[in-house]
Structure formats: structure tokens, C-alpha cells
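For reference, the chains in residue letters:
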Amino acid sequence: MNINKSNPLLLHPLNKWMKKKKWSWFPHQIETFHHVRTGSDVVVFAPTGAGKTLTGFINPIDDLIKLKKFKGLHTLYISPLKSLANDIVRNLEKPIKELDLNISFQVRTGDTTPYKKQKQKQKPPNILITTPESLALLNSYENAKEFFHNLKYIIIDEIHTFLDNKRADLLSLNIERLQTFSPNLQRIGLSATLKNKQDAKKWLCRKKPKIISYENSVLPKIKILESKKRIPWSGHMATYSINEIYKEIMKSKLTIIFVNTRAQAEYMFKNLWLINKKKLKIAVHHGSLEKNLRLKVENNLSEGLVDCVVATSSLELGLDYGDVEKIVQVGAPKGINRLLQRVGRSNHNLNTPSKAILVPTNRFEFIEAKAAIEEIKKNNLDKIDLKEGSFDVVAQHIFATACAGQFDINDLYKEIIKAYPYKKLKLNDFKQLINLIQDGGYVLKNYDQFKRIFQLRENKNIYKLVNRRETRKYRMNVGTIIENPMLKIKLGTKTLGNIEEVFIQNLSQGDSFIFAGQVLEFQSMKNNLVQVKRSKSLISKIPSYSGGRMPLSTNLANSVRALLAKSNMWDLYPEQITEWLKRQKNISKIPKKDEYLVEQFPRKKNFYTVIYTFAGWHANQTLGFLLLRGFKEFNYKPLGFVANDYAIVLWSLKEVKEIKTILNLGLLDKHLDNYLEETSIVKRLFRDNAIISCLIERRLPGMEKTGKQVLFSSDLIYTVLKKNEPDHILLKSSYEDAKKNMIDYDRLREILKKIDKKIILKKLTSISPLAVPIILEINSENLSKKETDEYILEDLENEILKEANVLSIN
Amino acid sequence: MYYQLINFGNEEFHAYPDKSLYWKRLNTLIVSDLHIGKSISYAKNKQFLPPYDTKEILNKIFVSLDKIKPSNLIIVGDLLHDVFSTLSLKDQDHKNLIQYRKNTDFIWIKGNHDKNIQIEGFKNFTNYKIDKLLFTHIPIETSLFQICGHYHPKVKISHRGKTIFKTCFIHNEKIFILPSFGILTGGLDIHSKQISDVLGKNNLSIYPVGQDKVYKL
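Chains as they are written, first to last, in our numbering: chain A, 536 to 1345; chain B, -8 to 208.
One chain only, chain A, in its complex shape (with noise of 0.2 Å):
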């Protein structure tokens, strides 16, 4: 059928707005329309700019005005950010008040008054804009059927920021609930452009499902910043261009410089101000910075009052900023989608291209941008993996069941595994996580008279709550976004935001830090608030925050292997560059892109063996630890190794003569279960197991445990556990979540599967221009933390014995 021909979308009661507008369909919204109206789930690519918003209410305003004076809750919209809930419900009120058409409409999230929560549950808007976390809180309330009995349409947003991750889990599980109270639901996705766009049908969709796509035809403008000086071997803080940065943002007139850390955000920012003199409006902008702080900046951006704002992920999604000129992005791309999603912050207009210049901080870091641009041409995403659902999402949601109302387990597993993530969940599984709900699961059965939810004499498949007060406990641990410890700083009375508790554990009264832009000095901590003063201190520590280190794309490493290997096209880069590689060659050599380069050679009074993956860096620092077992074995006596995203090095005292024989995937099944062991990995993922899955209490009302209490008693949990039940469903849910997450269990194996084959050994001299930016990462021994302990105990008594020594023959 040729939609075109006749656009149903004339007829439609936006469509007198749209002509006002001087706005035209855009073909995606034609087809949307129709096959919605069809009965078909749809997944609607499209760029930003191209109406995406309007694509998911057509369907549901025209049902909403056939239906006159609907009563009730009809659509709803989930979007990933509360601010993005609040710019739709912006976005939404223009038509349908300039229409004056009889549709209610409402936001909740968890900044909703509570008195307008509960207004909303008695008289519910026909459309409500949520998040996933207030979906999962509405499911579980005791009259969640009747409020969703005749929903009619669910709307995700951004639905490729769903599709990997436990939220994404939380989401689907609560959408087949949704399903079950309204068998009618249809479901429409929103997203940018994805590469494996049947994966996010496969994960949405059911009836009918259905892919509604649409190109942009304009490439972004992307280059490298061209610098007088030198590219340094290595580091991350671009220090080198900042000058040449700052003319960039002179040029422009409003520019956001998306920076990989937070750390490199503040000192970015830092560096800015030092050299600000035609005294610029630079503002800072990350997730650690207090909500008003952040706010403020966010206004002052989409009201141009800024010239320029430093930024980390915080500024990825979100709101539109019309005025953005230029995008500057520091540092490694890590992959193409991230790096579109960035430079798509500029320029919302559908038809002029995004600008923007990348500034590699490091040598590796020029290649990997090159290759970024090239993949961007190409139009060459990365693919977004879909993940097996966590096992501990599903506690948390057999826990909401249960709190709103007796259910039968049988019904509930059914549901639960209609779910496209839970498609593989074993029923065996499902009732360990009952049990866990129940009383902990464990198979010590001591708690008989302390369960949280029992089953019915009359029928031991229906269970129940034992206690309604239980509720208020499962709402107080909703959601699978779990924080590290973190502590608020105060200046004065005025709060600047919060920062991690290991930072401020290494810090003395009267040291300084920066954070917020501003240089503080550490006074004291006082029930969880960190109280600062502004200083004058030059030497100052910036925080580090142990989270959101993104591994390279696999997609953009190819790229990379693929561009490193064409020589013709060195001549182009600057001379650094093309030096560094031609001396490499001579010296060494260059891989091909399905080469695995090993280089080793002697160093001070080591053995150093160097291997090009690249791989990441969550999969080089697990292959690191592995080798360095493999070592062991070998009876080289290796001392430590560091990984990057490109590269390992090891260093060992004798010389690795076995390489090829220890490097393959023999190493990862002999090894593995070690490395998780030693490293605290699984550790830390059983703390957010154990609070996703509310087997410990995120906070107290009233009482709010400080985030060492939390992670002190997950700990212990871990400790007792893996001694006595090694097969407790947490501790497999903590092993799966290493292996899907943390160390890129399923790269390395690809890598490691045909490794073998496709090793160039090269025995050197001396160290390669190729391994020069790894060798200077080399600070500091990769010791287990338990090592680390016993190491700083005994290192400080010798000291201080040492010191006692020279005092007594003194």
C-alpha cells in the first residue's frame, strides 16, 4: 500500500495545528499512524529534530478525541530522565491547549508532590508522564489493575537507553504487567538510530511488531582539533591544546565541551578559567554537582546565557538546546553511537549539519578520533547487546507483586517470562527468587517464623504479604540505579553536591580539592555532610569517581585496528603521529586489523611482554589478571601488569618463553573463577544485588544509614555467604552480573577463541614506540584488595619500626 498517495494524517486533529505551524508530516509520523492504527507494536528511528516526541501521541490523540470525554488512564509515556518527563509535558501542552482540546495530561515522577500523587490515583489524567522507577511504585500499589484497566497505549522514549542495562529489565517486566491488566496495550517505542534495530523490536513488540524508520540525510561536521603542539604519548587532561581549545569556544557562540570523567570535567574547567581572559561565561555541568547547581546550568544554557559549559554523560540526553553552535569532545569517542549522541547536542535542526571537533588527549586517542570520523561517514553504529535479565530485578519485582496483593506464582513466572529479557528464566530460578523474598532463601531453614510472604495453607501456589507495613520497605528500595557511598559538601549552609566517601576518607583537615569549579578546603564530617571552605590553595586533588569508565566499542576498535594497519594514509596525520608509527614499523611492527601484536623486551631489570587487543578496558584488565596467573604457573614471576583500552602490559622478573601456549581461551576457564574471587568485583556487585533485590534496605525512613553502613554489611553478607552457600541465587546473580558487565567475559572469549592463530611475536631490545603510552600508565602494582590491606599494615609497621630502631640507637 502506498501511504503517501493518501495521508490519513489530514484528517487527523493536529493537523490544523501543524498547518499553522507551517509544518509538514514527516513520512515516519504517516507510517506510524497507520500501522498503530492497525494494531501494530511499533519501534519508531528517527533523529532528533524530526518530531519524535509528536510520532508517539498522534495515534493516542485522535483515539482520545473519537472517544470524547474519556475517563480514565489512556496512554502512557515512559521517558529515561525526570527532566526529559517535564520538557514533554512542555512539548505536549502546546498543541493541546492552543487546540483547546479536552485531553488531561499530567508528569510523575519522583519529584511529584505526594498530594499530587495521590490526586492522580484517584482521578487519573488520560496521559501520564513517568519514569520506569514510578511505573514499577504504581505496580505495585493495591489498586493497580483498576488504575490501568484500560490503558491503551505505552509510549518508551529513548528506547535504546533501555535495552542493556537492569532498568531495562525493570522496565519490561513492569510493561508485561501492564499487559496483564490491559490484554489490549499496544506498545510504541521511540529511538534514535540504532544499529540492530530488530534487537529493540524483538524486546518491545509483540503484536504485529513492526520497525518505522527514518535516515537523516546530514552528516555531522566532524574534525580534529588541529594543535601547534605536540599530541602527548599519554594522559587524559588535554592540557597540551587548552589554549586552542578556549579559541574554539570564542568562535563559536555557544559551545559544550563534553569531557570522559568527572574528574577531567572539573580540571578541564579549571584550566579554562585560568586562561579566561576575555572573561567568558564557562559553566561546569556533571551528574556528582547538586540538582539546583545542575538545574541552573541547564537554564542558563537553553537561555544562552552561557558561552560554554564543561560536561560529562549528565549533558548526553536531555532537553533541546537550540542555541548550541559546536560540540568539543576531549578525550576518546569510546565508540560511535556515544560519540553521535554528543555531537547531536548541536544544532537541532534537522537540516543543517552538527559541528564539532574532538581533541585526542593522547596519541592512541588521535587514531581512535580518526577512526570515529570515518565509522560516522560510514554510518556505521555500534550494535547494543541485548543482555539475559538479572536475577535480581525479578526479586525486587516478585516483592512488588506481592505488595499489591496475593499472588499465584504460577501466573506470575508465565508472565515474567513473556518478557523478552527472562525469555531463558528457569522455573527453578524464579522459585529460589520467591524463596528469597520469602525469608532469604537460604537453605538453612531458620527464619520459618519471620517470613516476609507465606503461602496459603488452602493453595501453596497463591502467596501473600505477611505484613502491609513490608510495603513501605519495598518502596523505599525501588529501582536498580544504585550509587556509590556518597557524601554531601557543604559550603557554608549552601549545598555544592556530593562526592564519593573513598575520596574523602584520603583526605586530611585543610587539604584542598577542587569540585564544582571551585578550589575547597576539607574542614571536617559531621553525620554524612563534609563541611568545606572556599581556598587559595595552587596544589589542589580533584575526586575521582569509580564509576562510568566506558570500555572501547568493539565496532570502533576494528576501526581502529583497520586504520592503523593503512599506511598510505599516514602522511596525513601530523608529523608526531606519523613519526611514531613509521618508527614502529621499522622497529617493531604494525598489526594487521586481525593481528594480535606481542611484543617483548628487557626494561630496567624486568621482562616486559606487551599485548595489542584492542579489546577494551574492562576485557585487557581481566586477560591482564588472567596472564598474570598464567605467569605464575610458568614460574615467570610476573609483578603487575596495567590495561588501557588498546593494550597489557606485564612485567615479570624472568623472561615469558610459553606466550603462545598460555594466551588462549584455556586461560579464561582455568582462571576465571579466581580472578572474580581475588578482585572485589563480585563484592561490589553483591551490594547492589542485595539492595536491588531487597534482601538490605536501601534507607530507613527517618534514619538514614550512611553508605559505609550499607556497603560494611552487604560485605559481611558475601563473606558468610560464599563460606556456607556458594549456591546462593545473589551470589550466581553477582557471578552473571560480573560476567555480563564488568569484565566483557563475552569479547574476550571471541578474542581469545582464535588468539592462537593470529599472534605476531616480536622479541625487541628495548621498548616500541606503540608501547610507550602503556609503559607510562605503569604506576602502581595490580595487588587483590586483600593483598592491598595486608601490604599497607605491614609497609607502615616496618616504618614504624624502622622509625623506633633509629630512635633507640639515637
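Just so you know, not all the hints are guaranteed correct.
Here are the simulated DSSO-like cross-link-like pairs (lysine-lysine), alpha carbons at most 27 Å apart as the crow flies [said to hold, decoys possible]:
1. A:1289 - A:1205
2. B:51 - A:1258
3. A:1068 - B:147
4. B:147 - A:980
DEER-style ranges, computed between Cβ atoms [what the hints assert, rightly or not]:
5. A:941 - B:107: 34 to 42 Å
6. A:1011 - B:78: 26 to 34 Å
7. A:625 - B:78: 55 to 63 Å
8. B:196 - A:1138: 29 to 37 Å
9. B:35 - A:731: 43 to 51 Å
10. B:196 - A:649: 51 to 59 Å
11. B:183 - A:888: 57 to 65 Å
12. B:107 - A:989: 24 to 32 Å
13. B:147 - A:1023: 44 to 52 Å
14. A:1333 - B:165: 25 to 33 Å
15. B:147 - A:1312: 26 to 34 Å
16. A:756 - B:149: 24 to 32 Å
17. B:149 - A:826: 25 to 33 Å
18. B:183 - A:941: 42 to 50 Å
Calculated from the structure, these hints are not laboratory results.
No residue lacks a Cβ here, since even glycine has one placed at the ideal position from N, Cα and C.
Take the given structure of chain A and dock chain B to it, following the hints.
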């Protein structure tokens, strides 16, 4: 097993990494704050900690008794977490306890957690004096040297840019505080007000407990 020699109150003690303290002269083993049954007490509030703490604590103490074969075992308070704790003691645990008491005299000093609880056949005291030493859960006004528990002391160590927390033995000239012998018990920073009020801030001897060794700072 490695131990750390500690001089306190003109007596010599051995501090073990299992968090027990041994007084060799009188062949007496001293432990504190076992908090047996803490998990079951939390389960009342639907906070389901692993129910293995009682078993593990008893095993730990039995291992120590087997090895040292002391004439006396002094528990300086909080043997039990609360009235529910006895629920976690199985018949076999009672039998074992009776068995061990044939060779070792159990001296149970009551703490704030277990002051109203009785276990059949167990002698208990509010405090217990031997020579110039007074064993008590929380320190009292006295000219005697005191060995106590209650505070679960933990020390923060910052060294070479890293910070760790470790359970510790700690004393000043007159008061000695034992670490908690329990499994799911937390800790309190030795610089917290509660501990400073008791020990003061100066002339402290601190012994962090490592994996297989007790250190001295």
C-alpha cells in the same frame, strides 16, 4: 598461630588474629562481643542476613578452645545479641558447650545486649576481678586496670595514598578494649566520640587485626 605480645596492667597478653586475647600466666582466654544470634534478631524485622553466624562463631571459639585448652574462658559481654538469640542455638550447640565446660571454666560477664538473658548452667557476672584486673563490658569508675568490650573498635589507616579500616585491639594505660569476636558485627572508629570519651586521644596502643597476624601501630 602468630600472636602479638601486648603488655597491659603489668601483665603479658597474646592477641590472636581470631580476635581473642590470651593471658598465659593464668591460662585464661578472653573474648568479647560475640553477638550470637544477631542474624535471627534481624530476621524479626525481615532483614534476612545469612543464618550462619551462630554456627561460625561457635566453631571459631571451639577451634580456639581446642588449641589453647585454657582453664578459663572470660566473655566480656554481649555473648548473645538478644532474647531471640537462643533460638539459633541448636541442641547440638548446647551439648558442645557442656562438653567444653568440663575442662574450661566459663565466666560470662553480662553486656548491654544480654543482661536479661539466662542460659541454663551458665554462671554470669556484671564484672569479674582477678588480681589488679577488672573484666567488665563497659568501663566503670575504678582504680583497677580494666579489660572491656562493647565498642567494637576499628582503626582507619591512611598510608601511601590508600585508606583502609581494620578491626583492632586498643588500650591506654588503664583500659583495654577488645575487638568483637562476632561475624556479622560492625565496628566503630576509634576516633569516634564514644571511644575517645573512654580512652582519650593520646598514648593509645593500637593493634590492627590482619588476615593471619595482629599488627602493632
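Now the hints, each set against the structure:
| no. | hint | result |
| --- | --- | --- |
| 1 | A:1289 - A:1205 | 17 Å, holds |
| 2 | B:51 - A:1258 | 14 Å, holds |
| 3 | A:1068 - B:147 | 24 Å, holds |
| 4 | B:147 - A:980 | 37 Å, violated |
| 5 | A:941 - B:107: 34 to 42 Å | 39 Å, holds |
| 6 | A:1011 - B:78: 26 to 34 Å | 27 Å, holds |
| 7 | A:625 - B:78: 55 to 63 Å | 58 Å, holds |
| 8 | B:196 - A:1138: 29 to 37 Å | 45 Å, violated |
| 9 | B:35 - A:731: 43 to 51 Å | 49 Å, holds |
| 10 | B:196 - A:649: 51 to 59 Å | 53 Å, holds |
| 11 | B:183 - A:888: 57 to 65 Å | 60 Å, holds |
| 12 | B:107 - A:989: 24 to 32 Å | 31 Å, holds |
| 13 | B:147 - A:1023: 44 to 52 Å | 20 Å, violated |
| 14 | A:1333 - B:165: 25 to 33 Å | 30 Å, holds |
| 15 | B:147 - A:1312: 26 to 34 Å | 29 Å, holds |
| 16 | A:756 - B:149: 24 to 32 Å | 50 Å, violated |
| 17 | B:149 - A:826: 25 to 33 Å | 32 Å, holds |
| 18 | B:183 - A:941: 42 to 50 Å | 46 Å, holds |
The structure shown violates the earlier hints numbered 4, 8, 13 and 16.
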